[in-house]
Amino acid sequence: MTSQIPTSQSFVPVITGGDLGAYTLAREFHEAYGVVSAIVPTAENLIVGGSKITELYPAGAMFDPDHVVEHLASVAQQLRRDGARPLLLIAGYDHLVRIMIDHAEALRSMGYVFPELTTAQLDRASLKDNFYALCDELAIKYPQTASIDCSQGTNTIDAFVNSIAELGLDYPLILKAGDGAAWANTRFSGRRKVHFLQEPQQLKIIITQAINAGYQGSLILQQFIPGPDSNLRILSHFRDRTGENALTGLAEVIVEDHAAGLEGNSRAVVAVADAAMQEQGARLMDALDWHGFGMFDIKIHETTGEPYFLEMNPRLGRHHYYLTVAGANPATYLYREFIEMSAHGQPVTTEGPAASLTIPLKLAKHYAAPAQQQQLEAAKRANRIGWPLQYSNDRNLKRDLYQRYRLTKAAAEVAHTPGTMNA
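Residue 58 in full-length UniProt numbering sits at position 58 of the sequence shown; the count goes up by one each step and never skips.
For the record, the hints were derived by calculation from the structure and aren't laboratory data.
Just so you know, not all the hints are guaranteed correct.
[To be verified] Cut-off 30 Å, straight-line C-alpha distance, at most; resulting in silico cross-link-like pairs (DSS-like, lysine-lysine):
| no. | residue 1 | residue 2 |
| --- | --- | --- |
| 1 | K380 | K409 |
| 2 | K398 | K365 |
| 3 | K176 | K409 |
| 4 | K141 | K204 |
Build the full structure now, drawing on both the sequences and the hints.
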């Protein structure tokens, strides 16, 4: 295809992925700079498509590094056909972050600009065994954890399952992949992003299925931290090339997705501030010597009130529009860091009232804790509720109808028994 992005546009955001996070970033770049973004999804869809602010370059499945790099080379050639403008590459998934880092030299030679990170830094941040070791070093709490190495085959499963009590764990438990990138490319019936387990047989079945499906990484078994979705937190940081945490933004989750494969994706959030939690996140970013965006999933124990860090996403989170609603558009940090290469000024910490929703407000209020209901009302009065997928400067009848249709499905997608993970 021939790019229709104007040659007068001085830079192009190239965003890999085709979900809420990709469209939100395209919207944020358009809000800040009036630019069109190149989106690289697996296939065309009406989350990122049917839009005046995006141009799609579907890549098919994006798990094979050689294929991804080859496709990005083609995208770069089309976007730079009339001149050498910078291409701001933003990875939307963990495995794409890894491909970007592993092939940094080749991608930079094509005109892409992106954070300067090493594979060692990524492994320390995104491989959960390593991340929890870092939490130990910094005295940051995380759930009681055990892991099994799936590369050892099925012979060790029974011993692992039978040792749960000795390891200090008790059902219900959470099971998730130690290597999220490898898990994304693992397929078997009943596979979820996160499994909520009530008894040993469930654990044995899932581990067996994962190994038989070819998963070679670790599986992390964790004590379930009690409490509803409203006890979840998402903490975003942007750390610049000088080592300054230039942006910090914390949000309380009201409710998240509970549909298979989408667990952990927040559907309604409110911006808040918590100095102690934000300081812990900053220490992790500093210990990693991170560059760019990172996001932490956290849960507050419902009886002790203590925060437990669950994992780090080595990128901007999927539902991050609360940052923009609260006055700190992430696109401006990316632009200053990688296009202008200028200073960010005084560090910014976002706070409410501000909310971001991908479900109807009435449904958000249904799941909101009492204090969150008050925050939603305050955000409404302040005109600081954002719906990232509904952008008044990007109207298209087909896309608008699709977004309205998706809102009718929201109640089923978030339905769950409060205090559990899965529907």
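Unmet hints by their number, sorted upward, for this structure: No hint contradicted; all consistent.
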